[in-house]
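Number of protein chains: 2
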Amino acid sequence: MASPYSGKFATSSMILPINERNHPMTDAAKLVELHRNGILESTHRGHVVVCDATGVIAEWGNASQVIFPRSACKMLQALPLVESGAANKYGLEINQLALSCASHQGAHMHSDLAGEWLKGIGLGEPDLRCGSQTPSDHEARAMLRENYQSPCQLHNNCSGKHSGFLTLNKHIGGNAEYIELDHPVQKAVKAAFEEMTGATALGYGIDGCSAPNFTCEVGHLARAMAKMAAPEGLGETRSNAAKRLVQAMMAYPLLVAGEGRACSALMAAANGRAAVKTGAEGVFCGIIPERGIGIALKIEDGNSRASEMVIAALLVRLGVVNATDPRVSQYLHRPDINRRGIKAAEFSVREEVLAEGKPL
Amino acid sequence: MASPYSGKFATSSMILPINERNHPMTDAAKLVELHRNGILESTHRGHVVVCDATGVIAEWGNASQVIFPRSACKMLQALPLVESGAANKYGLEINQLALSCASHQGAHMHSDLAGEWLKGIGLGEPDLRCGSQTPSDHEARAMLRENYQSPCQLHNNCSGKHSGFLTLNKHIGGNAEYIELDHPVQKAVKAAFEEMTGATALGYGIDGCSAPNFTCEVGHLARAMAKMAAPEGLGETRSNAAKRLVQAMMAYPLLVAGEGRACSALMAAANGRAAVKTGAEGVFCGIIPERGIGIALKIEDGNSRASEMVIAALLVRLGVVNATDPRVSQYLHRPDINRRGIKAAEFSVREEVLAEGKPL
Numbered sequence: 000m001a002s003p004y005s006g007k008f009a010t011s012s013m014i015l016p017i018n019e020r021n022h023p024m025t026d027a028a029k030l031v032e033l034h035r036n037g038i039l040e041s042t043h044r045g046h047v048v049v050c051d052a053t054g055v056i057a058e059w060g061n062a063s064q065v066i067f068p069r070s071a072c073k074m075l076q077a078l079p080l081v082e083s084g085a086a087n088k089y090g091l092e093i094n095q096l097a098l099s100c101a102s103h104q105g106a107h108m109h110s111d112l113a114g115e116w117l118k119g120i121g122l123g124e125p126d127l128r129c130g131s132q133t134p135s136d137h138e139a140r141a142m143l144r145e146n147y148q149s150p151c152q153l154h155n156n157c158s159g160k161h162s163g164f165l166t167l168n169k170h171i172g173g174n175a176e177y178i179e180l181d182h183p184v185q186k187a188v189k190a191a192f193e194e195m196t197g198a199t200a201l202g203y204g205i206d207g208c209s210a211p212n213f214t215c216e217v218g219h220l221a222r223a224m225a226k227m228a229a230p231e232g233l234g235e236t237r238s239n240a241a242k243r244l245v246q247a248m249m250a251y252p253l254l255v256a257g258e259g260r261a262c263s264a265l266m267a268a269a270n271g272r273a274a275v276k277t278g279a280e281g282v283f284c285g286i287i288p289e290r291g292i293g294i295a296l297k298i299e300d301g302n303s304r305a306s307e308m309v310i311a312a313l314l315v316r317l318g319v320v321n322a323t324d325p326r327v328s329q330y331l332h333r334p335d336i337n338r339r340g341i342k343a344a345e346f347s348v349r350e351e352v353l354a355e356g357k358p359l
Numbered sequence: 000m001a002s003p004y005s006g007k008f009a010t011s012s013m014i015l016p017i018n019e020r021n022h023p024m025t026d027a028a029k030l031v032e033l034h035r036n037g038i039l040e041s042t043h044r045g046h047v048v049v050c051d052a053t054g055v056i057a058e059w060g061n062a063s064q065v066i067f068p069r070s071a072c073k074m075l076q077a078l079p080l081v082e083s084g085a086a087n088k089y090g091l092e093i094n095q096l097a098l099s100c101a102s103h104q105g106a107h108m109h110s111d112l113a114g115e116w117l118k119g120i121g122l123g124e125p126d127l128r129c130g131s132q133t134p135s136d137h138e139a140r141a142m143l144r145e146n147y148q149s150p151c152q153l154h155n156n157c158s159g160k161h162s163g164f165l166t167l168n169k170h171i172g173g174n175a176e177y178i179e180l181d182h183p184v185q186k187a188v189k190a191a192f193e194e195m196t197g198a199t200a201l202g203y204g205i206d207g208c209s210a211p212n213f214t215c216e217v218g219h220l221a222r223a224m225a226k227m228a229a230p231e232g233l234g235e236t237r238s239n240a241a242k243r244l245v246q247a248m249m250a251y252p253l254l255v256a257g258e259g260r261a262c263s264a265l266m267a268a269a270n271g272r273a274a275v276k277t278g279a280e281g282v283f284c285g286i287i288p289e290r291g292i293g294i295a296l297k298i299e300d301g302n303s304r305a306s307e308m309v310i311a312a313l314l315v316r317l318g319v320v321n322a323t324d325p326r327v328s329q330y331l332h333r334p335d336i337n338r339r340g341i342k343a344a345e346f347s348v349r350e351e352v353l354a355e356g357k358p359l
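Here the protein sequences line up with chains G and F, keeping their order. Residue numbering for the first sequence is 0 to 359, as defined by numbering that gives the first Met the number 0. Residue numbering for the second sequence is 0 to 359, as defined by numbering that gives the first Met the number 0.
Certain hints may be false.
In this list, chains with the same sequence are indistinguishable; a pair is considered to hold if it fits within one copy or across any two.
[Unchecked claim] Only pairs whose alpha carbons sit at most 25 Å apart, straight line, appear in this in silico DSS-like list of lysine-lysine:
id, residue 1, residue 2
1, 189, 357
2, 186, 342
3, 118, 189
4, 189, 342
5, 242, 186
6, 169, 342
Hints are computed from structural coordinates only; laboratory data are not their basis.
Could you put together the complete structure from these sequences and hints?
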C-alpha cells in the first residue's frame, strides 16, 4: 500500500512520536481532560495532524484514521463555485463567499444574506434542499416566536453552502436536485475534495443538510488545508479560488458561524492570520496562510467542547493567536462554574498538546 | 494492595474478559458507536461493572477506574435521611423519597413538591443551598417567561436531594450551611456512601448543586448498587431505608427525572423491576432487586448519549425490560434523522455489550 503521505509529504520518519506510548500507534490520543477538584473526571481522545507542504509538523493519535470531515470541509466544497466562474458570473461578493463556507446560527445577518443571494440569481428559499432548521441565534428565534412564524431553509446552518451549490447549478444548468450524489454539482465537489486531499474518497454519508459528505483520513484533510493555506502550484484557477475563499472566511468571521461561536471568536482573534472551521461530531480544520500550514482534527467521541479547545491550543502554539486574548483563553481553560458561581471543575488541553504554548 | 473486590465479591478470575483485547486491561472499552452510511464516525469508550453479592457478572473497561458518581449516587446520599428517622418524623411520603433521589427537570410537579415539602418542615426556598437553575421543562420555562419570573432554587434539578438534606439537618439540629464538607449532614452522607461502596472515599469534588461528591471506583459503585438491590444483611435500619428508596424511585419514575428523560422512560418500562439513575459526565447506575444486581457505568468522555444506550442495553440483557418497547428501543438504536427527515446516521451499542440481548 502506498504511503498516504506521498509526494512532497512526510514519510513516516517525519511523523512526530505519538504522546500515548501505552497505546498502539493506531489508537486515538488523549487530548482534553476535565478535572474536578484536581481529580480526573472525563477524557476526550482524538486524532490531530498539523502539516505544511514539506510534511507533518505535529501529530497526535492516528493520521490515517478515516473520518467524515462534515462541515469542516465547507471551503473545499465551495471551490467549484469559484473555479467554475459561477461566482464571478453572478457577481458574488466576498461576504457571500464567506457564507458559502459557513455553519451559521441563522441570525438575521445570515438568513437575510442567503435570501438576497438567492433572489439575486433568480431563485428562492423553496429551491434549497437543506431542510428547515430552528435558528440557534436567540434573537432570530425570539422574532419567529413573536410573529408566529416557522423557521425556514434560510435558517439552516448550511444555507450559505447550499446557496453556493444553487449558484453553481444555475451556471452549469443542472437539474433541481443538486444534492444527489450523481448530480454534476456534487461530482464537481467530490473532484475538488479528492484533488485537495490527494486521495480517493472511498466512502460517503448524508450530512445533516442532506448533501453528500465524503470520507478521508485525518492526515489527508490536513493536507487539503495546507493546500488551501499555500495554493500556489495548484494552477491559477484553483489558487485564486482557494485564496478568495480563505480571505473571505478571515474577513467575515461572524458570517462563518456567529456570536459566541468558536470559529468566529478564534478567527477574530487571529485577525487575518488564520481561518478555522468546525464540523459536527468533533471535527475542526485550520488554515494558516503565512506559514502554509493546515490542521485537521477529530475528537473520537464527537464532542465539540474538546475540538474547540484543541484548535485553540494549536493556534496559540502556531503563534497566530494570543493565549491571553479572552476570545482565545475562553477555549483554552474552560472552568465549569456551578449554579452558585463556584468553579467546580475545569476543562483543559493535555500538556502534550498545549506544551505551555511551546511554538510549533 | 488488597483486592477491591474483597469479601463476598469476585476475585479476578470471576471477572469476565474485557472486550478490547488490543488495549491494556486498565483502558476504557469501546462501548457505543455512531455509523453514517455504515461507516464508523464516532466512538464512546467507558467502564461498566454489573455485579451481585457473589461477584462480578459482567465487566467492560476497568472496574478500578476512579470516578465521580455525580447524581447517579443520589439514592446513597438519601440513606441518612431515612435511617436517621428524619423521614418518619416529618411524615415524608413515598413521592418525596423519590424526589430526594431525583435529578429532575424543574417541572411544576417537581418544584411544587419541593416547595410544599420545605413548607411542611417550616423552611423555604431561601434555605436551599443548591442555587437557582432554569428548568429544562418546557412548560415551566414558558410559564416563567409569561409571568416575567426568574427561576429559583426549587427549579434546580437537585432541589429534592437538598430538601432531603434540609430535613435531615432540621432533625439533627445542624447549622444552615448543610452542604459544607464538615457539616454533620455531609459527614453522614459520606459515611453511608463509604459503607455502601465498601471503600474509603479518597477524594471529593463540588457538584453542580454545590454539595460534595465523593469519588469511588466503578466497581465499588456497582457493589453499592447491588447492596441497594439486596440490602438484607446490612441491618434492619439500612435494609429498610434502602428498600424504601428503591421502591420510591420505581413507583415514581417521572419524579426522578421527567418527561422524555432516560431514567423515567426506562423505569416506566421496567415497571417495578429496576431502578436506574443518571449522573452528569456520562455516569449511570442500575438496581435490579429481583436478582440482587447492581450496575455502574461511566462513559470516559462524559457524554450521556452513550451512557443512556449502555444502561438500556444492559437492562435488556438482564431481562427486566423489552428491547421492542418503544421506551427502551429509542435508546438502543438511535437514528440521527436530518433536517429533511432522512436517516443519516445511527448510534448503537457495540455488539460486545449488546450481544443481541443475550441474557446476563
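Status of the hints after comparison with the structure:
| no. | hint | verdict |
| --- | --- | --- |
| 1 | 189 <-> 357 | neither (37 Å within a copy, 43 Å between copies) |
| 2 | 186 <-> 342 | between (50 Å within a copy, 22 Å between copies) |
| 3 | 118 <-> 189 | neither (27 Å within a copy, 65 Å between copies) |
| 4 | 189 <-> 342 | between (46 Å within a copy, 22 Å between copies) |
| 5 | 242 <-> 186 | within (22 Å within a copy, 63 Å between copies) |
| 6 | 169 <-> 342 | neither (54 Å within a copy, 28 Å between copies) |
Hints 1, 3 and 6, counting from the list given before, are not met by this structure.
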